[in-house]
Amino acid sequence: MSINKIHKNSPFKVPKEYFERFDATFFNEIELKTSVKETGFKTPDSYLNDFNISIPKISKFSNLRKLNKKYSFYVFRTAAALFLLFMFSLPSEDTQEISYEILENYLINEGNQSEAFIDVLTLEDLNDLSILEVSYYEIENYILQNASIETLLIY
Amino acid sequence: MQNEAKLLSLLKLDNSKELAFKTLVKRYKEKLYWHIRKIVISHDDADDVLQNTFIKIFRNIDKFKGDSKLYTWMYRIATNESISFLNSKAKRNQVSNETLNENAIQNLVADVYFEGDEIQLKLQKAIAQLPRIQQLVFNMRYFDDIKYKDMSSILETSEGALKASYHIAVKKIKTYLQAD
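First to last, the protein sequences are chains A and B. Per the working numbering, residue 14 is the first one in the first sequence, and the count goes up by one each step. Per the working numbering, residue 126 is the first one in the second sequence, and the count goes up by one each step.
Be careful, since some hints might not be right.
Stated by the list, open to error - Computed spacing ranges between beta-carbons, pair by pair: (1) I156/A <-> E281/B: 16 to 22 Å; (2) R257/B <-> K26/A: 29 to 35 Å; (3) K46/A <-> L138/B: 43 to 49 Å; (4) L138/B <-> T47/A: 45 to 51 Å; (5) K46/A <-> E227/B: 42 to 48 Å.
Treat the hints as calculated values from the structure; they're not laboratory data. Remember, it's a predicted structure, so these values are computed and weren't measured experimentally. The beta-carbon is built from N, C-alpha and C at its ideal position, and this holds for glycine as well.
Using the sequences and the hints, build the whole thing.
Structure follows, in structure tokens:
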């Protein structure tokens, strides 16, 4: 059997229009790289040389941090509930109706609210949160709407 | 990689963890910084995300089972941290991710830590037009020459899909640059 015949009967295949597309994609990239190869970004002088991480010490707070990520919605809801309770307990002539939207905007605008709450809460406070009755449906719903999947995947 | 395996075993021992972690930071800070910087664009944001990335690596190193290479695992954390950072920033500023991205590119013109010429600025604008996954693939392949196999592990996507994403991204960018 000749070599040509073997080649023609080769069992190997390539994706449809592979060779047609190969030229286009290959030359597109080469052409682009010829005109621009670098990003243009730079860092402050000796930033990378001086870069250092202060290694977090393992303490009881490291566990609190985990609780923060996993159960931050408890903290968030408790803070919201306390806030509402406080507002409703004010004398009626001074009360102003606060919508959930206003409350949520306030908490969003306050930046890292869950981090801030966790810093002022003790382990005892967090244990007290167990009295809250929250259904699995509500938890799931909250996570789906508010948590980033990438963060959840890491944990 | 034997060095990586040795470093990993040192990272898992209490008495050598801190020193090994310093070595890890020294070895990977530059690669991770540039990877993050291309996603978040501004230096200050990249600095924040890099710090968070290393802290997360330190806290989770014991959970790393060695199913993938250490560096692809770290890239995955850096990528996720960058995306989470951008999502939070968009939410905090009450704008869409697209608007946030556009603003970041517009700010490049006045950014003291961007010294790109006109074509480099145009390239960043072109990249910003792409969907996020194509941005990631393009940056990792075009600027860093990361292998599709490693990229597949970092982004948890098939090699075939990544190749297709890259080729589509290159085509779109070329069209954008020619049209402008």
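Tested hints:
Checking the proposed 16 to 22 Å range against I156/A and E281/B shows it holds: the Cβ atoms sit about 20 Å from each other. Between R257/B and K26/A the beta carbon distance is about 33 Å. The supplied range of 29 to 35 Å therefore holds. The hinted window of 43 to 49 Å between K46/A and L138/B holds, with their beta carbons roughly 44 Å apart. A C-beta distance of roughly 49 Å is found between L138/B and T47/A, which places it inside the suggested range of 45 to 51 Å.
Checked against the hint of 42 to 48 Å, the C-beta distance between K46/A and E227/B comes to roughly 25 Å, which is inconsistent with it.
Of the numbered hints stated above, the single one contradicted by the structure is hint 5.
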